[in-house]
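Top line first, the protein sequences correspond to chains F and W. First residue of the first sequence: 1, per this note's numbering; consecutive thereafter. First residue of the second sequence: 1, per this note's numbering; consecutive thereafter.
Think of the hints as simulated: they come from the structure by calculation, not from any bench. In this text the structure is predicted, and so the values were computed from the model without any measurement. Be aware that a few hints might be false.
Identical copies carry no separate label here, and so any pair may be met within one copy or between two of them.
[As the list claims (entries may be wrong)] The list that follows gives simulated cross-link-like pairs (lysine-lysine, DSSO-like), each with its CA atoms no further than 30 angstroms apart: (1) K582 / K147; (2) K47 / K180; (3) K47 / K178; (4) K541 / K582; (5) K407 / K455; (6) K387 / K80; (7) K180 / K50; (8) K582 / K495; (9) K376 / K423; (10) K190 / K541; (11) K423 / K80; (12) K376 / K582; (13) K407 / K495; (14) K546 / K283; (15) K387 / K423; (16) K423 / K74; (17) K407 / K582; (18) K190 / K546.
There are 2 protein chains.
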Amino acid sequence: MPRYDAPVRDMQFVLHELLSLQSYSNLEGFGDATPDLVDQILEEAGKFCKEVTHPLNMVGDSQGCVRASDGSVKTPDGFKEAYTSFIEGGWPLLGADPEMGGQGLPYVLGTAFNEMMSSSNMAFGMYPGLTRGAYEALMEGGSDEQKAKYGPNMAAGIWAGTMNLTEPHCGTDLGMMKTKAVPQADGSYKITGQKIWISGGEQDLTENIIHLVLAKIEGAPDTIKGVSLFVVPKYIVNEDGSLGARNECGCGGLEEKMGIHGNATCVMNYDGATGWLVGEENKGMRTMFVMMNEARLGVGLQGLAQAEIAYQNAADFARDRLQGRSLTGPKNPDGPADPIIVHPDVRRMLMDSRAFIEGGRAFLYWVALHGDLQEKSPDEAVREKAKDYMALMTPVLKAFLTDRGLKACNDGMQLHGGSGFTKEWGMEQFVRDVRIALIYEGTNGVQALDLVGRKLAANGGRAIFSFFAEIDDFIGDNADNEALAEMVAQLTEAKAQLQDGTTWLMQNGMSDFNNAGAASMDYLQLFGLTALAYMWVRMAKVALEKTGQGADDPYYADKLVTARYYMERVLPESASHLAKLKTGAGSMMELAADRF
Amino acid sequence: MPRYDAPVRDMQFVLHELLSLQSYSNLEGFGDATPDLVDQILEEAGKFCKEVTHPLNMVGDSQGCVRASDGSVKTPDGFKEAYTSFIEGGWPLLGADPEMGGQGLPYVLGTAFNEMMSSSNMAFGMYPGLTRGAYEALMEGGSDEQKAKYGPNMAAGIWAGTMNLTEPHCGTDLGMMKTKAVPQADGSYKITGQKIWISGGEQDLTENIIHLVLAKIEGAPDTIKGVSLFVVPKYIVNEDGSLGARNECGCGGLEEKMGIHGNATCVMNYDGATGWLVGEENKGMRTMFVMMNEARLGVGLQGLAQAEIAYQNAADFARDRLQGRSLTGPKNPDGPADPIIVHPDVRRMLMDSRAFIEGGRAFLYWVALHGDLQEKSPDEAVREKAKDYMALMTPVLKAFLTDRGLKACNDGMQLHGGSGFTKEWGMEQFVRDVRIALIYEGTNGVQALDLVGRKLAANGGRAIFSFFAEIDDFIGDNADNEALAEMVAQLTEAKAQLQDGTTWLMQNGMSDFNNAGAASMDYLQLFGLTALAYMWVRMAKVALEKTGQGADDPYYADKLVTARYYMERVLPESASHLAKLKTGAGSMMELAADRF
């Protein structure tokens, strides 16, 4: 069975040394997040995930969830007990608002916990993950009464939350949805329709499930502009907070899927279920986007998290498996063969994964910190830039981290040879589980289109220009840093390529929108590669400073090697993405549809 | 459920128009393969695969194989009946030797049939695929008596064959194997040991199973140089050809795997089983390599074949699924939305797959034709070049076609959005099934090492230099072809990059073998990209000639569009592979093993 050990040291490096969390102690919640407390939380969280959720990962995959004829759903053995420990440990409250009973700690710290949870058991982690998203949406769009009614129990994880968007005939194009809401005399609505692919739509972990459901109010425009958001609890919550009648909604079936078997993916039937409007009529997408953006970061995180556990076990295998001899002579002459880690191509897979994981982690936490800043910074300019970054980086993070996360899982499996293909070793589960992350919360193609179609152009390109300016500042600040010179030069080239691609898009994407669409995925990849290059050079700078100050932790030397590997062995891909995107939509769009 | 329709037109193009099979009619077997017969076989084979094997593909996945307590194995419902039809149709005999009752048709034609079989049902196709490999090895290395005893029934598929190499502690490094062979007074051997991952090691499809087993004869060197090959029939074959006693070997268990559930992957226990030496003592690897090379082409073919069926169904979905509107205005204004094929990023996935599949098919069949030429050409120089090419191209074909085949399956699944992740649509099965092809018969990393470590250097680089010369000749011959000028220029650049990479390897790989290992996978990718570019320009040339001659089949115009797409949108990756490989082994090999 695979192991999981939380990468606490690397998380500490990113939180303390790269992002300097302590320098934000003037911000709400950050003051409490002293280095000691952060370290303690990381250690405890790592222990919880290693001991409680990780041992259930393979069980969850092999058992899956089971729906009984009454529509109830049983999660795999041990999930309920683990969930209870999770609640009792107070883990859901880490980042929740103090007025809802939460600890109000930084979002970026919660991100580290979420990464561990998702590495250790992705299917399990989705239950609280969706609850958190639903909670955030209610906090953003709900009335004070709704917040008071659902907030504390959702913050604590005692009640779960779900998001209900997709219908059989519409996923990406939600304007086509058919679910109806009919106003009632008491101010509530009767919701009728079918939603599909609802993660955790039904389960046996929580006393109540608070469904957030998109539907069209009778008479509303039959487009995306007629979509409203409703809160539809599984059990109606009485005035005193106790649970009342069972609502007219339930799980009509479970999907059979490639992976994440431990998570119940439900067909949800709403048969005149009682719901209450969240926010304004016909403005449902606005609030839902809060949840979706949160969820998109959470999905990018899953790509990283699965890569991490795949990498750990691949490294173990590479050290343990004796097979063949080093090309440069035996390294284990007394053994029957050398461990396969002596082979360069095995190293290639490990180093590719490592360079992605550490760079991706820095990128994810850096973006998450902007999530804190956009809310909490006292400086309006900082808040604006942080908000710009969140909007710009979210699609990149979601798609790039899942795309590369799948590659890392595949590499970890590949490194295992035939064992990787067997269920017994657990590696193929990571590939199957992570695969959904490229699809849900908007496919990676939709993310790419969001990036080039909306995010780039917003506010006259303010976000991307401020990202370029930040990189230029960094390059300028380090012009005299000889030890960093080669990497700074590589970053300069990467940034120039991204700028070149951006200019091409601005010049060619408006005259023919298909050029923008045709370039979108290569542009997103180019963006992701450049963002990670920026993270890597920043990390290398920190590592150089620490070793310069006499730090003898080999962690820093390793960081520098991995930085060099990223710049030499991963970043060169950006040139090919740039070349591809500049060819335009021509040959891509030319064939008639019936000729495929 | 997915559909499968054999791509007969494209196969015809490759066989008749690109490779001009009819021009080889002086070769044994080719004279019989008249264009009419070839077309008839393609049509009939397509019908067989569509109607008989393909409908069992999802059944095979969901049921898998079941081992009873007596060690017998039941294949999924319908497999036995389909196999009987396969035998009765005489399909296994297509390419088999006339003296064994076969039709002796060209190997390249059999390749087309194998592609269809593998597209329609990869797990099913593996049973006859392994039999074919075992048959070839016996024809190569067996005595006349062995050929006469096993050949005809194996050629006809009445008996199956297997290859037994891997043991629990050794896969790639077969010198470590422990299976022993003890000589008996009657000239036979008693074989004892355990082999794992034996595809079709036990099944209920055939009357007998002829196992080819690698083992060390008592007293032989305990290295790869002490490995001998044995034929170990499940039922001993009597002098009169009837089946005698059950041999002391059997299936000890089935592996639970990520995919190819319809194929029985067996743990095989040999408990003093009776076997007979094939070829010389201690020279078992020589004959086994015949089987492995055949098998490696067959595995590359699987990558292509799964890509083809994934692509077909992705194209259907892209035409059928209505969601959103074209970026350039509604294309289906009367419908609720446009089909998603209007979106450039959806096209990108389809065109990537198409450019890979058609280019990969040309490459595969071109290599397979060299398989015929190396045996059958009356011209020694042609035979030598063909043999050189087979050796050089086999690892490229195996790794490149499976690597890109997985990408195409993933793209086909991705294009389906959430539906792609559900079992119901069948797309995720292609991803799970094809995944093994990157691993078995030598992982793709092992192929890359074989390419740079053995194949490049063999005979002073004769094979690669003759490939360069062939491309140069083509470029020279087409210097005045204006319609082809842009593609010829792109090919010229690609070939220069491959040459650059080859030179780098020769200069740096010998001084530090780790440089060769570190470069190997990028070099293989660069090679594959260049080989497909060569195929694409050749195909474009044919298509231009045909349209110039007034052919109005839109097939040719599509071929030209796809050629352009490949050169613009796929080939640019070669530059990044070249840049990566030239960085050497430095950062890849630097970390201490315990620091991963």
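Hints versus structure:
1. K582 / K147: For K582 and K147, the Cα distance exceeds 30 angstroms both inside one copy (49 angstroms) and across copies (59 angstroms).
2. K47 / K180: neither (46 angstroms within a copy, 47 angstroms between copies)
3. K47 / K178: Classified as neither: same-chain Cα gap 46 angstroms, cross-chain 41 angstroms, threshold 30 angstroms.
4. K541 / K582: Cα proximity of K541 and K582: across copies only (25 angstroms, versus 33 angstroms in one copy).
5. K407 / K455: both (26 angstroms within a copy, 28 angstroms between copies)
6. K387 / K80: neither (37 angstroms within a copy, 62 angstroms between copies)
7. K180 / K50: So K180 and K50 fail the 30 angstroms test inside a copy (44 angstroms) and across (43 angstroms) alike.
8. K582 / K495: So K582 and K495 pass the 30 angstroms test inside a copy (16 angstroms) and across (22 angstroms) alike.
9. K376 / K423: neither (46 angstroms within a copy, 44 angstroms between copies)
10. K190 / K541: neither (58 angstroms within a copy, 65 angstroms between copies)
11. K423 / K80: both (24 angstroms within a copy, 26 angstroms between copies)
12. K376 / K582: Classified as neither; 40 angstroms inside a copy, 47 angstroms across copies.
13. K407 / K495: Intra 24 angstroms, inter 28 angstroms, cutoff 30 angstroms: intra and inter.
14. K546 / K283: neither (51 angstroms within a copy, 58 angstroms between copies)
15. K387 / K423: Intra 43 angstroms, inter 39 angstroms, cutoff 30 angstroms: neither.
16. K423 / K74: This pair counts as both: shortest intra-copy Cα distance 23 angstroms, inter-copy 20 angstroms.
17. K407 / K582: So K407 and K582 pass the 30 angstroms test inside a copy (25 angstroms) and across (22 angstroms) alike.
18. K190 / K546: Answer is neither: 62 angstroms inside a copy and 65 angstroms across each miss the 30 angstroms cutoff.
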